[in-house]
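Peer 1: Chains as they are written, first to last, in the numbering used here: chain A, 1 to 558; chain B, 1 to 292.
Hints were generated in silico from the structure; no laboratory data involved.
Given the structure is predicted, the values throughout are model-derived calculations rather than measurements.
Treat the hints with caution; some may be incorrect.
DEER-style ranges, computed between Cβ atoms [unchecked claim]:
#1 Val226(B) x Ala15(A): 34 to 40 Å
#2 Ala192(B) x Leu68(A): 30 to 36 Å
#3 Ala12(A) x Ala256(B): 31 to 37 Å
#4 Ala192(B) x Leu14(A): 48 to 54 Å
#5 Gln149(B) x Leu68(A): 29 to 35 Å
#6 Gly199(B) x Gln34(A): 36 to 42 Å
#7 Leu68(A) x Thr230(B): 26 to 32 Å
#8 Ala128(B) x Ala15(A): 26 to 32 Å
#9 Lys171(B) x Leu68(A): 28 to 34 Å
#10 Ala132(B) x Gln34(A): 31 to 37 Å
Anything over 12 Å on all C-beta distances counts as not near chain B; from chain A, calculated [said to hold, decoys possible]:
#11 Leu14
#12 Ala19
#13 Arg31
#14 Pro33
#15 Thr40
#16 Ser44
#17 Met47
#18 Glu48
#19 Leu67
#20 Gly93
#21 Arg269
#22 Met336
#23 Asp350
#24 Gly415
#25 Ala549
So, partial list: chain B residues that the calculated Cβ filter (under 8 Å) puts toward chain A [unchecked claim]:
#26 Glu95
#27 Phe185
#28 Pro187
#29 Glu191
#30 Ala192
#31 Glu218
#32 Ser220
#33 Tyr223
#34 Cys228
#35 Ser232
#36 Val236
#37 Arg245
#38 Tyr250
#39 Val289
All C-beta atoms in this analysis are idealised placements derived from N, C-alpha and C, irrespective of residue type, glycine included.
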Amino acid sequence: MAFFGWPFWAVAGLAATCAAGLAVLHLLQIRRPQMRVVTTLFWSLAMEAAPARALWHRFRHPWTYVLLVGIVVLLALALGRPQLADASARHGGAAVIVLDAGMALAAPLAEGARLDAARAAVLAEAERCDASAGLAVVVLDPTPRVLLGFGEPVCILRRRLEAVACAEAPADRAAGLRLATALVRARRGRVVFVTDRPLLQGGAEPDEAVDTEVVTVGTPGDNAAVLGAVFEPGQADPLRGRVCVQVGYWGAGPRNVRVQLNAGAGLQRDETLEMAPGQTRTAVVEDVPTDGGEFVVRLLGEDTLAADNVGRFLLPRRGAAALAVVGTLPETLRIMLSTDPTMRLVGPTDDHTVMVACADGALEEKVPTLRIVTGGPALAREQAVEATADQTLTAGLSFAGVTYGGNGLPAVADGDAVLLKAGDVALATVRNDATVPRVALAAGLFATEAEISRNPALVVLVTRAVRVLAGWDDGRVSLPAQRVQADARWLEPRDGVKAQIFTGGRDVSDVSRSAPASARGAAVVRPGRSLALFEWLLLVGLGLLLIEAVLHARGRVV
Amino acid sequence: MSRLFTEEFVRALDPLRITVRQVPGRGRPAEHRSRDRGSGLEFADFRNYVPGDDLRRVDWNVYRRSGRLLMRLFEQPEDLAVYVLVDVSASMFFETPPRADAACQVAGALAAVALNQLDRVDVYPCGAELGAPLRAVRGKAGLRDLLDQLEALGPAGPTGLARALRTFGHKRLRPGLLVIVSDFFDPQGVEAVLAALRGVRQRLLLVQLVIPTDAAPELSGEYQLVDCETGSQVDVVLSPRVLARYQAAYARFNDALRGFVVRRGAAHVRIDAHEPVSAQLRTLFPNGVLAI
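One chain only, chain A, in its complex shape:
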């Protein structure tokens, strides 16, 4: 229980101190000398109110009585929780206040953080609203949720607001606006959006049918931030690639942002990006190995917030795929596989991710398998080789002018897709819908006398097939961020992604990454609050009560 924001023990201690003081005053009270008289009849009459002879006498009261009446009136007024009459500020009708508690609200201000200012703005709006018409509060942290529902007492809003902390991601303002609009539409009310930027930035557009007011908190400032990084594997050697770092900037004007990129033990790149307000640019480091190491991005120079100027990312960890060879591979294929740096041939009992089998008969396929099949039907003559156009493995491959007259695959199993064919004979198939993927190739493709065995397209097809079977993705890889908060202005520096810190309206500068659960928002600095009117009345009433008690303890008969 709190009283005027003070804890219960403080209030109890203050009350006990006042009571002790009054007890001392009572003990020290003036004790009038006693005098015995023949009768107190006339003295009693003298000390009573004189008969009212004049009209004004009827309204004459001792001051203590006036004090007591005044105290009772003030206490009664305070219980009614009066509001200051301000015709321009009083809003009738229902209202939904939306509090943006996204990462951007954690930005520090001169005193406290932006979220503190937003809380104060919410409370001020709640005071101005007509609670009897309906008041609700929605908080976006980052997804919208109802903090105070219609019908709930407004007095609990302050306590609930104090429990709100900044999210680790940008607030979903559009969803929050939709929720607030839905809540208030039936009541023909209005929406008050407390945020750090205009609503139209970031895609949140208010409903024209609902009166929407935006209350912005915080002050803009220059800030550059490391937004994220991706890894793009190399075409020739997927075990190496390039890292692309996304840097965002917002400020009053253009600024040169110096970016340092470090991988391993050394500086990989140091460049200066010319950035305009709201712009996002990419800094690239080439030929980065996929060794799982740390990749650190630093933005040098002064800006409003330093917490987002460092980004630590982990590079993908990739090594050569282990291919277990079962049976005797065609020499051409063996050479093809062994010369590929992304592949490593191992024995069938070694750890492997793909099995390359060239054996007749049934074979248990527990891992993705590249099967070299012999004994299929022979072609009558040289046939043109065709690649299936709708398969990823043959995308972009051309076998134009290539002919083949050897054996094909014995049959196309159910569920397999044809990759290559000559005439009506399938030369290569793929099975993707099974639990264990498989690519089947006719052994004749690798015969030394076959023209196709020396075709680069076949090499690409085999390489692709093995990599797909190994689970490799040659697409861009988003790197996980490990931000370390090094800004001394934060109260509790700790590892992990912190709640973010951007000033002004700049969606592109928000870091859109979620943090580990252990890294929550920074501690909130609670700003000072002013007393409400009813609290002033209560204080004045209690003060008068104290005065009257002192007068009474002093034995003063007024």
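Assemble chain B onto chain A, guided by the hints.
Peer 2: Relative to the frame of chain A, chain B by itself:
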């Protein structure tokens, strides 16, 4: 030697008389005119002779003139019943000198005057309630005894004047003169006393015992005043406004008494208890006569 009733005090009372226009009949022979006819010296009336009457009372002159036998009737002077109700409550003994001394002196003086003229005197001490009467035999021997009894009276509890008067009013006594000697400071208020007096059928003489500080208290500052009888306490801050309100309350008290006296046709006298009583009593007897 009596402290209150010295020989000089008693001697000074000899020439004083209490007179009434007429006393009710069936009293003892004394000095007041009554309705009764008897063997007094004052001719009152004639009546027809009835066989058996005393022939010495026949007016022979009327017989000679008219031939009628008429009896001469003479007034029968009788005594006046005097009831003296003296307040001997605790408050009467509070001050120095106590008002009870003056009350006893006034009661004794009026009783002496009544006894000197052969009237019947009953002195009722009252405190919380009406006490047993102090009856006196007629004559100076009875006076001394009565005065001694008066001087021996002590505090009889808190003031209950209104109650004592109600009790007195219920007594079936011969109509006469009721003298009330008191300060009339009844805790029930003067209205209660006056209401009780309205139930008394006697002629009334109110002797109010006062002292100068009753009207003008010589107090200043702050006190907790304690009633000497009831113990009730009143915290007072003696400001001029409070003193003015006190004096106004006291004045209303006296106005109420005087108003009653005027409406009732009674007699009222104020005796300063701190001044010699005998000199003040003489003002009650202009030309030595108190006419009720």
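Peer 1: Now tell me if each hint is right for this structure.
Peer 2: A quick look at each hint next to the structure:
1. For the hinted restraint 34 to 40 Å between Val226(B) and Ala15(A), the CB-CB distance of approximately 37 Å keeps it satisfied.
2. Checked against the hint of 30 to 36 Å, the C-beta distance between Ala192(B) and Leu68(A) comes to roughly 34 Å, which is consistent with it.
3. Between Ala12(A) and Ala256(B) the C-beta distance comes to about 57 Å, which lies outside the given range of 31 to 37 Å.
4. For the pair Ala192(B) and Leu14(A), the supplied restraint of 48 to 54 Å holds, since their beta-carbon distance comes to about 53 Å.
5. Range check, Gln149(B) to Leu68(A): Cβ separation about 57 Å, and the 29 to 35 Å hint is violated.
6. A beta carbon spacing of about 38 Å between Gly199(B) and Gln34(A) agrees with the range 36 to 42 Å that was offered as a hint.
7. Distance hint for Leu68(A) and Thr230(B): a CB-CB separation of about 29 Å, consistent with the stated range 26 to 32 Å.
8. Our hint of 26 to 32 Å for Ala128(B) and Ala15(A) is violated, since their Cβ atoms are close to 50 Å apart.
9. Between Lys171(B) and Leu68(A) the C-beta distance comes to about 52 Å, which lies outside the given range of 28 to 34 Å.
10. Between Ala132(B) and Gln34(A) the Cβ separation comes to about 36 Å, which falls inside the hinted range of 31 to 37 Å.
11. Annotated as non-interface, Leu14(A) keeps its C-beta farther than 12 Å from every C-beta of chain B; the closest such distance is 32 Å.
12. At roughly 25 Å from the closest C-beta of chain B, the C-beta of Ala19(A) stays outside 12 Å, upholding its exclusion from the interface.
13. Against chain B, the non-interface label of Arg31(A) is violated: not every CB pair exceeds 12 Å, the least being about 8 Å.
14. Not every CB of chain B lies more than 12 Å from the CB of Pro33(A), the least distance being 6 Å, so the non-interface label is violated.
15. Thr40(A), annotated as away from the interface, has a beta carbon of chain B within 12 Å; the closest lies near 4 Å.
16. A beta-carbon of chain B is positioned within 12 Å of the beta-carbon of Ser44(A); the least distance is around 5 Å.
17. Distance to chain B contradicts Met47(A) as a non-interface residue, since its nearest Cβ pair spans about 6 Å, not more than 12 Å.
18. The Cβ of Glu48(A) does not lie farther than 12 Å from every Cβ of chain B; its closest approach is about 9 Å, which violates its non-interface assignment.
19. For Leu67(A), the shortest C-beta to C-beta distance to chain B comes to about 18 Å, beyond the 12 Å cut-off, and the non-interface label holds.
20. Every Cβ of chain B is farther than 12 Å from the Cβ of Gly93(A); the closest lies at roughly 58 Å, confirming the non-interface assignment.
21. Against chain B, the non-interface label of Arg269(A) holds: every CB pair exceeds 12 Å, the least being about 93 Å.
22. Every CB of chain B is more than 12 Å from the CB of Met336(A) (nearest about 119 Å), matching its label as outside the interface.
23. Every CB of chain B lies more than 12 Å from the CB of Asp350(A), the least distance being 110 Å, so the non-interface label holds.
24. Chain B leaves Gly415(A) outside its interface by the beta-carbon criterion, the shortest separation being 110 Å against a cut-off of 12 Å.
25. The non-interface label for Ala549(A) is consistent with chain B: the shortest C-beta to C-beta separation is roughly 18 Å, beyond 12 Å.
26. With 8 Å as the threshold, the beta carbon of Glu95(B) comes within range of chain A, its nearest partner Cβ sitting at about 6 Å, so the hint holds.
27. A hinted interface residue such as Phe185(B) counts as satisfied when its beta carbon comes closer than 8 Å to some beta carbon of chain A; here the least separation is about 4 Å, so the hint holds.
28. The restraint placing Pro187(B) at the interface with chain A holds, with a minimum CB-CB distance near 7 Å, inside the 8 Å limit.
29. With a least beta-carbon distance of about 12 Å to chain A, the hint placing Glu191(B) at the interface is violated under the 8 Å criterion.
30. A distance limit of 8 Å between C-beta atoms decides the matter here; for Ala192(B) the minimum to chain A is near 11 Å, and the interface restraint is violated.
31. Because the beta carbon of Glu218(B) sits about 11 Å from the nearest beta carbon in chain A, more than 8 Å, this interface hint is broken.
32. For Ser220(B), the suggested interface contact is broken, since its CB lies about 11 Å from the closest CB of chain A, more than 8 Å.
33. For the restraint placing Tyr223(B) at the interface with chain A, the shortest Cβ-Cβ distance is roughly 5 Å, inside the 8 Å limit, so the hint holds.
34. The beta carbon of Cys228(B) comes within 5 Å of a beta carbon in chain A, closer than 8 Å, and the hint placing it at the interface holds.
35. Contact between Ser232(B) and chain A, as hinted, is supported at the beta carbon level, the nearest pair being about 6 Å apart and thus within 8 Å.
36. Of the supplied interface hints, the one on Val236(B) holds, with its beta-carbon coming within about 6 Å of a beta-carbon of chain A, less than 8 Å.
37. A hinted interface residue such as Arg245(B) counts as satisfied when its beta carbon comes closer than 8 Å to some beta carbon of chain A; here the least separation is about 4 Å, so the hint holds.
38. Against a cut-off of 8 Å between C-beta atoms, the interface hint on Tyr250(B) holds, since the closest Cβ of chain A lies about 5 Å away.
39. This hint is violated: Val289(B) has a C-beta 34 Å from the nearest C-beta of chain A, more than the 8 Å allowed.
Of the hints listed earlier, those the structure fails to meet are numbers 3, 5, 8, 9, 13, 14, 15, 16, 17, 18, 29, 30, 31, 32 and 39, in rising order.
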